[in-house]
Amino acid sequence: MPTFSTSQEWLEQSALLIQAYPTSTHVASKYSVIRPSKSRLKKHARRLERLESKGNGASEGTAAEAVSSSNDPNPTKPTISEPQTTASFTLKTYSPDAGVSLKYTTNKAPEVGRLIAAAGRLGRHMAALPVEEEGEATKDAADGGDVGIEDVGGEPSAKRSGTAAQAQPEKKDTKAGGGGTGGGGKKKKKGKR
Amino acid sequence: MPGPVSNDQFFARVGELLEENKKAGHGSVFFTQKRLTPSNVQNAEDKDPLWDVNLPGPFAVLIRATNGKSKENRDDKIKVSTVVQPESSEEFFKQYADVCKAGMQALKPKDRSKRKKKKAKKRKGPVDGEKKP
Chain A
1 MPTFSTSQEW
11 LEQSALLIQA
21 YPTSTHVASK
31 YSVIRPSKSR
41 LKKHARRLER
51 LESKGNGASE
61 GTAAEAVSSS
71 NDPNPTKPTI
81 SEPQTTASFT
91 LKTYSPDAGV
101 SLKYTTNKAP
111 EVGRLIAAAG
121 RLGRHMAALP
131 VEEEGEATKD
141 AADGGDVGIE
151 DVGGEPSAKR
161 SGTAAQAQPE
171 KKDTKAGGGG
181 TGGGGKKKKK
191 GKR
Chain B
1 MPGPVSNDQF
11 FARVGELLEE
21 NKKAGHGSVF
31 FTQKRLTPSN
41 VQNAEDKDPL
51 WDVNLPGPFA
61 VLIRATNGKS
71 KENRDDKIKV
81 STVVQPESSE
91 EFFKQYADVC
101 KAGMQALKPK
111 DRSKRKKKKA
121 KKRKGPVDGE
131 KKP
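Chains A and B are the protein sequences, given in the same order. For the first sequence, the UniProt record's numbering gives the first residue as 1, with consecutive numbering after it. For the second sequence, the UniProt record's numbering gives the first residue as 1, with consecutive numbering after it.
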């Protein structure tokens, strides 16, 4: 079950999977919010205490905040009125026929719009509609940032490319022809039209 | 199980789902999408594992959303589904993105702190230079 580090990669591989198994593959997404853990709450309480004690010592609140944030190893701005919840948005493409599931997880809000657009693109594959070439795709790779990344195991990815390779030659015979390995996403889309 | 609702109703219900999630402060909302194959299309899987690759389209897409409550919480389960016709898919996903963006507020907002720091550094830089001579 590979988890991709960029949404672009996830989209490309998912598109291949959907093209190979268009009726059985589904795209599932999960938006999940988790309450802050106990240790987090404790940390938060301690930090508040520290801030308060410093606030009493120095007359100016802003100065105290500045000091505390500079002391902090990882300065999150002094908006610590509430402990932060952890939220994530996970996309999963699963094909029961192929036994493959492709995942992508993010915790960033600006990515949501893009990811839903990606899901829409996959929706077009599912609907067997022509898919236009991706233009704005490359900028995704730039802001991979602190996305929840898990290492992609060698075995599943091999399995994946295996299924892709399996799926491709048969389709290509009927259409354009050409070398069939995992990376031929664009070629395939052209053939689909 | 109630059948699929219209797209607009679906958005309203999804908005409610996300709003409830926000109120509770925790929990998940699940979405799925898959092709809606008409029942008259024969499943010829026995003969050819890739029987569905070249089916004459276009197909509608079924979209489902749920709050995933099950077992002892089953009474609280909300599920809603809609069928997206191929001609309206583009419009649908635009609206869908807007609804999701509006509802998923707990995710990390765009990080502007780094950019600010860089700017501050740039501002500081020339000032120091001026002081020295």
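Derived from the structure by calculation, the hints contain no laboratory data. Errors might be hidden in some of the hints.
Derived pair list, reagent style BS3-like, types lysine-lysine, alpha-carbon separation capped at 25 Å [said to hold, decoys possible]:
| id | chain 1 | residue 1 | chain 2 | residue 2 |
| --- | --- | --- | --- | --- |
| 1 | B | Lys-22 | B | Lys-101 |
| 2 | B | Lys-122 | A | Lys-103 |
| 3 | B | Lys-79 | A | Lys-30 |
In silico contact screen, one side only, chain B against chain A (beta carbon under 7 Å); selected entries [unchecked claim]:
| id | residue |
| --- | --- |
| 4 | Gly-57 |
| 5 | Phe-59 |
| 6 | Lys-79 |
| 7 | Val-80 |
Here a beta-carbon is modelled for each residue, glycine too, at the ideal position from N, C-alpha and C.
Earlier hints that do not hold, by number: 2, 6 and 7
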